[in-house]
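Throw the hints in and build the complete structure from the sequences for me.
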Amino acid sequence: MIKYLFGMVGALGGMLAGAWLMLAPFALAYQLSGAAWADPTYTDFWSGLAILVVSLIGLLMYVLGLVGELRRRGIIEPREEPEAQQAQAADMPAVGGAQAGSAADVEQILLPLVNAMLEDMQDQRRRREGNGGPQGAAPNQQLDPERRVQQ
Amino acid sequence: MNSQARIGLVTSVFTFVAGIWLFLAPFIMEYQRVGEDWIDATRNDMWTGSVLMAVSALAFFLFVAYALRDAAVRADERRREEEDS
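Those sequence lines, one after another, are chains A and B.
Mind the numbering: the first sequence is residues 1 to 151 in our numbering, read in order.
Mind the numbering: the second sequence is residues 1001 to 1085 in our numbering, read in order.
Wrong hints could be hidden among the right ones.
[Stated by the list, open to error] Part of the chain A face toward chain B, derived, beta carbon under 10 Å:
#1 Gly13
#2 Trp20
#3 Gly58
#4 Leu59
#5 Gln108
It is worth saying that the hints were derived from the structure and are not from the lab.
Because the structure is a prediction, the values reported are computed rather than measured.
Every residue, glycine too, gets a C-beta built ideally from N, C-alpha and C.
Here is the structure:
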């Protein structure tokens, strides 16, 4: 694991050297500001830029390698793989099934209450019909599920 | 060795080569004549190039050395597990 740190330090040194090369012509005043660039300035600036970019890529690679190593050793929490995510998505119907099971339980609990309500409604209907008034038929039709099924 | 480490090593080699280039650049680009006193740009290129070469070479060899050590440790562990089983 420490090997990545050596690589990172080396890459960081390369980055610093590249940045210095880009600035050196102006810092050491062998390139006057405002004047056309001389050959040493071109060489140092473009070499410095290339070294800076390549060292930055190297630094990123060493950091990624270190992170991968830490994940492999379990020091950093492993990233969830796409396959694991798919498996998790596949498990969702099972969770839905559990929810359906709990809904069935609720239905079982509510069934006696619904039956009692239906019986009560039928009694009310019979009483109204016994009183001889078909006036209340329309509202009862809306309420009585059995009649709705018969229709 | 994973792919990131390989790319990192390639960048270390590149910076080493860049250090060599900085040594040669004043003469190749002809802003430093051979035999004459070195100008500021040449001195700067020489120092920067030498630091770059040293740092990249050190990083490269230390990385490879520790990678080999890790590989040796893993091989030893594997051998011990095989002997135990």
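Quiz item: Which of the stated hints cannot be reconciled with the structure, identified by number in ascending sequence?
Solution: 5
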